[in-house]
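Enquirer: Listed in order, the protein sequences are those of chains H and W. Take the first sequence: its letter number 144 is residue 144 in this note's numbering, and every next letter is one higher. Take the second sequence: its letter number 223 is residue 223 in this note's numbering, and every next letter is one higher.
These are calculated hints, taken from the structure and not from any lab test. Mixed in with the good hints, there may be bad ones.
Since the list gives no way to pick out one identical chain from another, each pair is judged satisfied if it fits inside one copy or across any two copies.
Said to hold, decoys possible - Derived pair list, reagent style SDA-like, types lysine to any residue, alpha-carbon separation capped at 25 Å:
1) K158 to E180
2) K223 to R170
3) K188 to S21
4) K188 to G163
5) K158 to P176
6) K223 to G155
7) K188 to D161
8) K188 to L18
9) K188 to L230
10) K158 to L230
11) K188 to A93
12) K188 to R153
13) K188 to S152
14) K188 to E98
As the structure is a computational prediction, the values presented were derived from the model and not from experiment.
There are 2 protein chains.
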Amino acid sequence: MTGNPYDDPSFFAGYATLPRSVHGLDGAPEWPSLRALLPPLAGLDVLDLGCGHGWFCRHAAGEGARRVLGLDSSRLMLARAQEANAHPAVAYAHADLEAAEFPPASFDLAWSSLALHYVERLEALLARVHAALRPGGALVFSVEHPVYSAPSRPGWTKAADGGLSWPVDRYMVEGPRVVEWLGGRVAKRHRLASTTINAVLRAGFALSHVEEWRPSDAQIAAKPSLAVELERPMFLLLAARRAS
Amino acid sequence: MTGNPYDDPSFFAGYATLPRSVHGLDGAPEWPSLRALLPPLAGLDVLDLGCGHGWFCRHAAGEGARRVLGLDSSRLMLARAQEANAHPAVAYAHADLEAAEFPPASFDLAWSSLALHYVERLEALLARVHAALRPGGALVFSVEHPVYSAPSRPGWTKAADGGLSWPVDRYMVEGPRVVEWLGGRVAKRHRLASTTINAVLRAGFALSHVEEWRPSDAQIAAKPSLAVELERPMFLLLAARRAS
Numbered sequence: 001m002t003g004n005p006y007d008d009p010s011f012f013a014g015y016a017t018l019p020r021s022v023h024g025l026d027g028a029p030e031w032p033s034l035r036a037l038l039p040p041l042a043g044l045d046v047l048d049l050g051c052g053h054g055w056f057c058r059h060a061a062g063e064g065a066r067r068v069l070g071l072d073s074s075r076l077m078l079a080r081a082q083e084a085n086a087h088p089a090v091a092y093a094h095a096d097l098e099a100a101e102f103p104p105a106s107f108d109l110a111w112s113s114l115a116l117h118y119v120e121r122l123e124a125l126l127a128r129v130h131a132a133l134r135p136g137g138a139l140v141f142s143v144e145h146p147v148y149s150a151p152s153r154p155g156w157t158k159a160a161d162g163g164l165s166w167p168v169d170r171y172m173v174e175g176p177r178v179v180e181w182l183g184g185r186v187a188k189r190h191r192l193a194s195t196t197i198n199a200v201l202r203a204g205f206a207l208s209h210v211e212e213w214r215p216s217d218a219q220i221a222a223k224p225s226l227a228v229e230l231e232r233p234m235f236l237l238l239a240a241r242r243a244s
Numbered sequence: 001m002t003g004n005p006y007d008d009p010s011f012f013a014g015y016a017t018l019p020r021s022v023h024g025l026d027g028a029p030e031w032p033s034l035r036a037l038l039p040p041l042a043g044l045d046v047l048d049l050g051c052g053h054g055w056f057c058r059h060a061a062g063e064g065a066r067r068v069l070g071l072d073s074s075r076l077m078l079a080r081a082q083e084a085n086a087h088p089a090v091a092y093a094h095a096d097l098e099a100a101e102f103p104p105a106s107f108d109l110a111w112s113s114l115a116l117h118y119v120e121r122l123e124a125l126l127a128r129v130h131a132a133l134r135p136g137g138a139l140v141f142s143v144e145h146p147v148y149s150a151p152s153r154p155g156w157t158k159a160a161d162g163g164l165s166w167p168v169d170r171y172m173v174e175g176p177r178v179v180e181w182l183g184g185r186v187a188k189r190h191r192l193a194s195t196t197i198n199a200v201l202r203a204g205f206a207l208s209h210v211e212e213w214r215p216s217d218a219q220i221a222a223k224p225s226l227a228v229e230l231e232r233p234m235f236l237l238l239a240a241r242r243a244s
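Excised from the complex, chain H in its bound form:
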């Protein structure tokens, strides 16, 4: 996560206009699905990997989490989090997830929303997260789905019958993908779903649940533009547990 676009003021200003920046968790359509994977938060020590504006940190504190540590590599993000989502139980700190060290057996939940696809050495990070969790602790995260990140020419195409397709290529070729987004160039890691899942297993976790997110019928009724997300998977959600 070096050369972080989230530290570019113009990119950051664009990011700040996204529904999930303005409305927080309720502006993220995958939030209800992620929330269903969480343990009850009251009394927990929580680690947020890539906390962004801090919406989840404040949510966890509001649910009674004992202590929440929100880490991000963007200083603009951290300043915004401190401004928008300060809470006595929450601490925000600068960290590069590629290298961050955590105190052993100190957290009950590690959470990450759409941040781990920026991390190059995922398995090494997950091994450090595993050690940072107490036995029985939970890992819950979302990443961009590899069907979404794979294409060398990302975009919808229209078939003769008017139906939309998402053309996939280079799926099996893992590595960097640079996309134009919010007027900037963002470098992500394209990683197979299987690579992500195996990294979780090899780090010592027991997998509890994996989910290729889809909008619910109620969400589509409320916001018909979400219907296109039935054509391709956009997010991969995962829950796992440190067994011992």
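Chain H is fixed; fit chain W onto it per the hints.
Expert: Just chain W, lined up with the frame of chain H:
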């Protein structure tokens, strides 16, 4: 698996010409990856769900498996298996996987190659397979990858730069997919990767490994037509264990 196309003599004749039918396991490019997921077979009781021509059954017997039960819903398949891959340790039997019952705690390995995407009630089958395995027993299987099975108009498209793409649509809409293959119409179940994995977990298994198969560089060098399989995932492989 009712109205089984594999019991149609003309479809079956076409199937018999496929490399994996003629050359057995060595004709299946995903076999080396699947084999790497298997425990040592010597002394094991093995259940093969959808045994087809019986190539795996005979392989397992050749590796010293104690007893191998190959099940298939196609009587033509079973006749061919008996003819091509008979072995004193192998028994072939007719069974509909949607309903088949197995003796409890009687097998050390349940194996299935490209058969479970024909099964509608996968989770119920996996629960019966879990009960049929001894504690510590292994489940290893392959299915068509959902990126491969999803499209309503399956086929490659060529971009302006000549690159091939595999257009995906209806990914999130699970259910039957009818495709034309070998001059017949074959009805498969399109199932998300996450649904398959969660079915394994809910049946009581601990997931060991999941793999979106890709041809190796050596396989592509030996057979350049395999290179297109770098563009999209074709097979999903999975290994799990009955913990207790």
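Enquirer: Go through the numbered hints given earlier and state which of them the structure violates, listing their numbers in rising order.
Expert: none
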